[in-house]
Amino acid sequence: MALEIAFWVLAIVAIAAALAVVTLRNVFRAALSLILCFLAVAGIFIILSADFLAAVQILIYVGAISVLIILAIMLTREVERGSLSNKLVVPVLISAVLFFGTVTFAMLKTSWSLVSLPPAEATTVALASKLFGEDGFILTVEIAAILLLATIIGAITIVREK
Amino acid sequence: METVIPNELVWLIFLLPILSFAVIALFVRPFLNNPRLSGYISISAIFGSFILSTWVLISLLSAPGHELVIPDFNWLVIDSAINIHLGLMIDSLTAVMLIVVTLVSLMVQLYSQGYMKGDPGYHRYYALLSLFTASMLGLVMVDNLLLMFVFWEMVGLCSYLLIGFWFHRPAAANAAKKAFIVTRIGDFGFLGAILLLLSQTGTLDIAQLHSLALAGVLTGTVLTWAAIGIFLGAIGKSAQFPLHVWLPDAMEGPTPVSALIHAATMVAAGVFLVARMFPLFEHSEVALLTVAIIGGLTAIFAATMGLVMTDIKRVLAYSTISQLGYMMLGLGVGGIAIGIFHLFNHAFFKALLFLGAGSVSHATGTFDMRQMGGLRKVMPWTYATFLIASLSIAGIWPLAGFWSKDEILASSINNQPILFYLAMVTVFMTAFYMFRVVFLTFGGQYRGGSPANHSPRPHESPSVMITPMVVLAVLAVGSGWFNVTGGFSRFLEPSETHVFQGFFGILAHPLPWVSLILAGAGILLAYAIYSARWLSAERIGRLFEPFYVVFSNKYWFDELYENIIARIVLLKGLFAGIKLFDSRFIDRGINAFFIENLVVRRFFSGLKSFDNRGIDGAVNGVADTTVATGRVLRIAQTGQLQLYGMFIILGILAISLALIFFS
Amino acid sequence: MSLGLEHYLVLSAALFSIGLYGALTKRSAVVILMSIELMLNAANIALVAFSRYIVPALLTGQVFTIFSIVVAAAEATVGLAIIMAIYRSRETIDTTKIDLMKW
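Protein chains in written order, with the working numbering: chain X, 1 to 162; chain U, 1001 to 1663; chain S, 2001 to 2103.
One chain only, chain X, in its complex shape (with noise of 0.2 Å):
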């Protein structure tokens, strides 16, 4: 029960936040809206067993995506101007709504092949051991260090000053 009262505390809590974050005119607001929608979605994660997920959550998310988002709009005076829409808002609008219902739709259609298994407990070591373990993901660990890599440098390249 305490789970349940969880979720729809946080599903809502998550969802008005997304909508803040797409409809406030001040993109700094909006920037702090989302910050709530990632701490939202964190406890998400702790509802579904996924705790090393939630603290990666807040960490990344919340504390360096959202910093650089912000660092962002500073440095770009985007506060002055506010969160402007395009030509486009009705049309998407209704593609957006439609998307939301064939996928919800497609989603209640399916039929599951659930597994009703309690979910595995201290998911850090469980995953450490399916990353770097035999037979694991290292070969994606690696390529994602990589990527991270090149992301450095490439960010580095774009904004240095010629």
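Read the hints as simulated data drawn from the structure, not as lab findings. Because the structure is a prediction, the values reported are computed rather than measured. Yeah, the Cβ is synthetic: ideal placement off N, Cα and C, and Gly gets one too. Take these hints with a grain of salt, some might be off.
[To be verified] Just a sample of chain U residues kept apart from chain S, beta carbon distances all over 12 Å, derived:
1) 1029
2) 1059
3) 1062
4) 1083
5) 1146
6) 1167
7) 1191
8) 1215
9) 1222
10) 1373
11) 1525
12) 1640
13) 1648
14) 1657
[As the list claims (entries may be wrong)] Simulated coverage check for chain X against chain U, where a stretch passes if three residues somewhere in it have a Cβ under 8 Å from a Cβ of chain U:
15) 81-95
16) 102-113
Place chains U and S on chain X using the hints.
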């Protein structure tokens, strides 16, 4: 040298040029910026590949079944249903192609050192040449269709980059685009065939597909459609009718690139593909007949256009299309050995012709034969080598072209008499247009060269350009002798029956005499018109004016395609609709009636201009159409990424709804 | 009504659609980037939910999510760098005004 080549070294054959590409692009250009070094790296890499290819050939000659078994490894395994290997298939066909590609590429790269001297894109040029050669080498070596398709597309990409090498010239940029798009039409067929074969057999391994076709498992409609799809890919790459339009325009690239494209890479890929998948064609009468008919038609069709071109490279381009038609005809009526033998010989003399044309333009600053003339005395080496190549392509005994061409003729006389007569007429035309080039370029008096020429007096090219031409000239004379006793044919197809025997023995048959007489008549006619001037070119032109107009307008194929694209494919109505949507729902401001009026008016003016063009056949119509097409297309291309995003979402919605409702 | 997979999936779809709306309608490149982050988060929720309800012992969905977060971080970094570069040269990050690629 009797030892068999180690497997690792076989991989090196195409890894070396790739490595050279990477070193030039990532290291030499940014850090050393020494153009000559780029050239040397690229040339050493291809030289290494050539040595290794020769070794492969020597190993194969003694290997059982003329085949090397190279262990491969799994690349893509999906659920045990699809298992794609990464491996090499080294057989006699591969070995011949390896020699052709590496040798011609080596000569072209040596020659380019002189031709491209001082060009600001020298690094890029050599990097791309390396990549181009590597792609082609990969294409001929891989053992499954998926990888082959990858290399196939890489060859297409490299030719796009090289044809558009001087991309600041609009003509070059357009020619590159045209080559890319036209060949892509054929590639759809190839891809379709690959998917069809995968879904029907579950394998893309070429050897397995061969055995399936031989065992009769793969038969009937599936086999026919797969073969025709593969041939469609070959039509695009090898510039066969009706997708031949890109090759003449590809002349906008640097001349050594043309030599490479026309001789060893790109266009040879199509012929090679058909030869590689030949067991599939062999078991489908329809497919084999299609290959022969398209080949035979292309041969004569392209030759007629070659008769009237005034640009030396364009004549050569049409002659390539025509000769590729011969190869297809040879494959269709004879078999692998006959078609590939012509490819083998053609590679050398056609590369030589292009290098000669490049040497001529190097001296005169133009490709227009009307501005040349009299170069025989100032450019003796170029003249001698060009003459040899022309005699070879015309099929004069005992030069290379004679041997392969007469085998094609001999096999077509029994199977396809109509195509045989067409091919005979083509022999005459080939001799005529080639010697028209020779007499216009090298005979008579010098007619001044390009008005914008920097060196008013033509001169012989430097020895770095002449040497490769001499090497190729030796091959243009002698490459046909490999099959004098049928050795080449037996190497490729052990069961092949060889028609002609012996260096002089061939002259005991009547057919070679007929073709020799036809070729001689063509040369004589060219001499009579363009050198001795017994006959006036203008008067003959007037006499055959309808033909002249048709040929010199290239049968209006360019105009036809441009109009089809502009009028039908682009669906004017759809774009007008998008524009209407844009204005009504998005801008809300503009009067919709005005737009409709404009659309209707443009449609009628389009019709009118089509009418004019159809009657006039005006060439500048092409430019108008392109502009008009662009104007229509621009409406959909707003440059607004988010609008594109919305269309993506609508597309996803449409697909999802279709899936929900129809499944 | 007890908590099931569908709850998470619908939540994920809702967040995704909201992000989609933002990504396609906003003029400011920064807000577009924020919307894209929303969409990525929505996908992560779906991945973790699948992991929890379909393969609870295997954790593969969580592994996927980790990589998805890595890619999202990389995307945000480069995206913001590009935004900074554009702002520096064009004095605006309004996407309706950045259409230089259109001839």
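Quick rundown of the hints versus the structure:
1. 1029: 24 Å, holds
2. 1059: 46 Å, holds
3. 1062: Residue 1062 (chain U) clear of chain S: closest Cβ-Cβ about 52 Å, beyond 12 Å.
4. 1083: 23 Å, holds
5. 1146: Check passes; 26 Å lies beyond 12 Å.
6. 1167: Answer for residue 1167 (chain U): holds, closest chain S Cβ roughly 15 Å.
7. 1191: Label holds. Min Cβ-Cβ 28 Å, cutoff 12 Å.
8. 1215: For residue 1215 (chain U), whose nearest Cβ neighbour in chain S is about 42 Å away, the distance exceeds 12 Å, so it holds.
9. 1222: At roughly 38 Å from the nearest Cβ of chain S, residue 1222 (chain U) sits farther out than 12 Å, so the non-interface label holds.
10. 1373: Non-interface label stands for residue 1373 (chain U): nearest chain S Cβ at 43 Å, farther than 12 Å.
11. 1525: Answer for residue 1525 (chain U): holds, closest chain S Cβ roughly 49 Å.
12. 1640: Nearest chain S Cβ is 6 Å from residue 1640 (chain U), so the label is violated.
13. 1648: 9 Å, violated
14. 1657: Holds, because the least Cβ-Cβ distance between residue 1657 (chain U) and chain S comes to about 15 Å, which exceeds 12 Å.
15. 81-95: holds (count 7)
16. 102-113: Holds: 5 residues of the stretch 102-113 of chain X have a Cβ under 8 Å from chain U.
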